[in-house]
Amino acid sequence: MSVFMTVVLLVILVIEGLILAVTPWLIKRSEVFAVTIPSAEYNHPRLRLLRRMYVVTLSATTVLLVIVLIALAILASMDDFFIVYSIACFMIILVAIPAYLICRSQALKLKATENWALRAGDQVSAVTSTITVKDPPAMAWNLLYIVVLLITIVIQIVLYPQMPDQLVMQIDLDGTVTSTIQKSPASMLFAPLVQAFMASCMVFAYWMMCRGRLDINPSYPFASAHRSALFVRIQALVLLFFGVLTCAAITLIPFTFVGWLPLQTAGLIMMAVIVMMLVAELYIALKYGQFGARLAPSAEAESSIARDDDRYWRLGMFYFNPNDPVLFLPKRFGVGWTSNFARPMVWLFIIGLVLLTTAFVAAVFLLV
Amino acid sequence: MIITIHLDSDIPIYQQIQNQIVAGIAHGELNPGELLPSVRTLADQLGINLHTVNKAYSLLQDDGYVVIHRRAGVRIADPEGKGDAARTARARREIKQALICAAQEAVIWQIDRSEFVDTAAQAFDTIGSTERGGQQ
Numbered sequence: 001m002s003v004f005m006t007v008v009l010l011v012i013l014v015i016e017g018l019i020l021a022v023t024p025w026l027i028k029r030s031e032v033f034a035v036t037i038p039s040a041e042y043n044h045p046r047l048r049l050l051r052r053m054y055v056v057t058l059s060a061t062t063v064l065l066v067i068v069l070i071a072l073a074i075l076a077s078m079d080d081f082f083i084v085y086s087i088a089c090f091m092i093i094l095v096a097i098p099a100y101l102i103c104r105s106q107a108l109k110l111k112a113t114e115n116w117a118l119r120a121g122d123q124v125s126a127v128t129s130t131i132t133v134k135d136p137p138a139m140a141w142n143l144l145y146i147v148v149l150l151i152t153i154v155i156q157i158v159l160y161p162q163m164p165d166q167l168v169m170q171i172d173l174d175g176t177v178t179s180t181i182q183k184s185p186a187s188m189l190f191a192p193l194v195q196a197f198m199a200s201c202m203v204f205a206y207w208m209m210c211r212g213r214l215d216i217n218p219s220y221p222f223a224s225a226h227r228s229a230l231f232v233r234i235q236a237l238v239l240l241f242f243g244v245l246t247c248a249a250i251t252l253i254p255f256t257f258v259g260w261l262p263l264q265t266a267g268l269i270m271m272a273v274i275v276m277m278l279v280a281e282l283y284i285a286l287k288y289g290q291f292g293a294r295l296a297p298s299a300e301a302e303s304s305i306a307r308d309d310d311r312y313w314r315l316g317m318f319y320f321n322p323n324d325p326v327l328f329l330p331k332r333f334g335v336g337w338t339s340n341f342a343r344p345m346v347w348l349f350i351i352g353l354v355l356l357t358t359a360f361v362a363a364v365f366l367l368v
Numbered sequence: 369m370i371i372t373i374h375l376d377s378d379i380p381i382y383q384q385i386q387n388q389i390v391a392g393i394a395h396g397e398l399n400p401g402e403l404l405p406s407v408r409t410l411a412d413q414l415g416i417n418l419h420t421v422n423k424a425y426s427l428l429q430d431d432g433y434v435v436i437h438r439r440a441g442v443r444i445a446d447p448e449g450k451g452d453a454a455r456t457a458r459a460r461r462e463i464k465q466a467l468i469c470a471a472q473e474a475v476i477w478q479i480d481r482s483e484f485v486d487t488a489a490q491a492f493d494t495i496g497s498t499e500r501g502g503q504q
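Protein chains in written order, with the working numbering: chain A, 1 to 368; chain B, 369 to 504.
By construction, these hints were calculated from the structure, which means they are not laboratory data.
Model, not experiment: these values are computed from the prediction.
Worth double-checking, as some hints may not be accurate.
Said to hold, decoys possible - With the C-beta cut set under 10 Å, the calculated list includes, among others, these residues of chain B facing chain A:
1. I371
2. T372
3. I373
4. L375
5. D376
6. S377
7. G392
8. L398
9. D412
10. Q413
11. I416
12. N417
Yeah, the Cβ is synthetic: ideal placement off N, Cα and C, and Gly gets one too.
Starting from the given sequences, assemble the full structure and let the hints guide the process.
Right, here's the structure in full:
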């Protein structure tokens, strides 16, 4: 059991490192390390070197951390392993950020010396109808979360009489019970609360995907619009499917209370669902790339830049454009979305999410 | 259909949007009754001010090319509406005025009559083919 869990955790770490390491190949050819370049210059020898340096640095870091962790798993205690594991997850990011920033500054220098910004145009494109590109499934599908929530409440009502006085909340890796709570109607709020919080986050993410800007290249508008829309649609479907599945897995909690299902098994099932979602996201990232970038034929190479947005991207990571009404848009270096931090609404959402999380943590703390 | 805006152009953005939608209708890429993106969606996608898109759509409605419903969105106007005698008469006047201005400029820059007529004929002929006459 311990071995299985250790392997799963290490695999997750490897996936994290892998995804970060191959990021330069997941994004469109007109951007390197969040710097806009003419896509025909993608294979410039200096840029190829930068990409190679980046992937080697991150891969080496990941491999090193995995070796250290395996050694700890064999020679040291589980507690030590977990502490170092948590640090390792952050270590990868702490190495990735400076590596990315260094590569980015090199790319900017190259752009200046090669005068690529000189002939940059200033075009943007939009698609007029959903007949041209397909929208993600309607927001209404997210009502499934409510269905799952109601099912949980019904199950808890039905099983309540059979539940013991002390409900098992936590067990450690050996199976010994470490935390219980007194059975009461209030204690039945725990599972629905977790589901409600998770569902809120998922639904917000779904809404963000629907509201987000598509990545359309004015030089190849139809092809890029199609790829973009395909990516958004697939991400939305994966989020909806696994989001509902994860919430449904929480329904197992009342079954663990009555002892029909050991808590370890419920935990393993949850872990399995999360790993499946991770694998699905990995597949999307590797097959489609950022907004379908990996589906673009290399023939779509331009010798000049259609639109140079560099000035709005602080450090290439944070989009800040007060003249742009958009709230959510594609990330520059990575797979997924980011926000336009010049919009006050975005900050309202951030504060709202922080408050929601705080409220959730407080509520769980009071219950458990 | 794709709308492409040149942010560095002399032609104002709202006018570029207008021109492209009119061209789209003329070339049959936008069909009567077809729904256009909402003001917010188009503004988001193009990264331009909502008022600019609003202005373009309002002017298109005034000229009879689209109909704006508050809830149902912006739709391409139906051809039956174009039978409205007053609207057609106004369109006729405006097109005639545009041609008069173009002719005056042609005279100033010594572009001869046959070239002017040929250009006008060509512009008319490209509609119905898949070509687009360099619209911005």
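Hint check:
| no. | hint | in the structure |
| --- | --- | --- |
| 1 | I371 | 5 Å, holds |
| 2 | T372 | 4 Å, holds |
| 3 | I373 | 5 Å, holds |
| 4 | L375 | 4 Å, holds |
| 5 | D376 | 4 Å, holds |
| 6 | S377 | 8 Å, holds |
| 7 | G392 | 7 Å, holds |
| 8 | L398 | 7 Å, holds |
| 9 | D412 | 4 Å, holds |
| 10 | Q413 | 4 Å, holds |
| 11 | I416 | 8 Å, holds |
| 12 | N417 | 7 Å, holds |
In this structure, none of the earlier numbered hints is contradicted; all agree with it.
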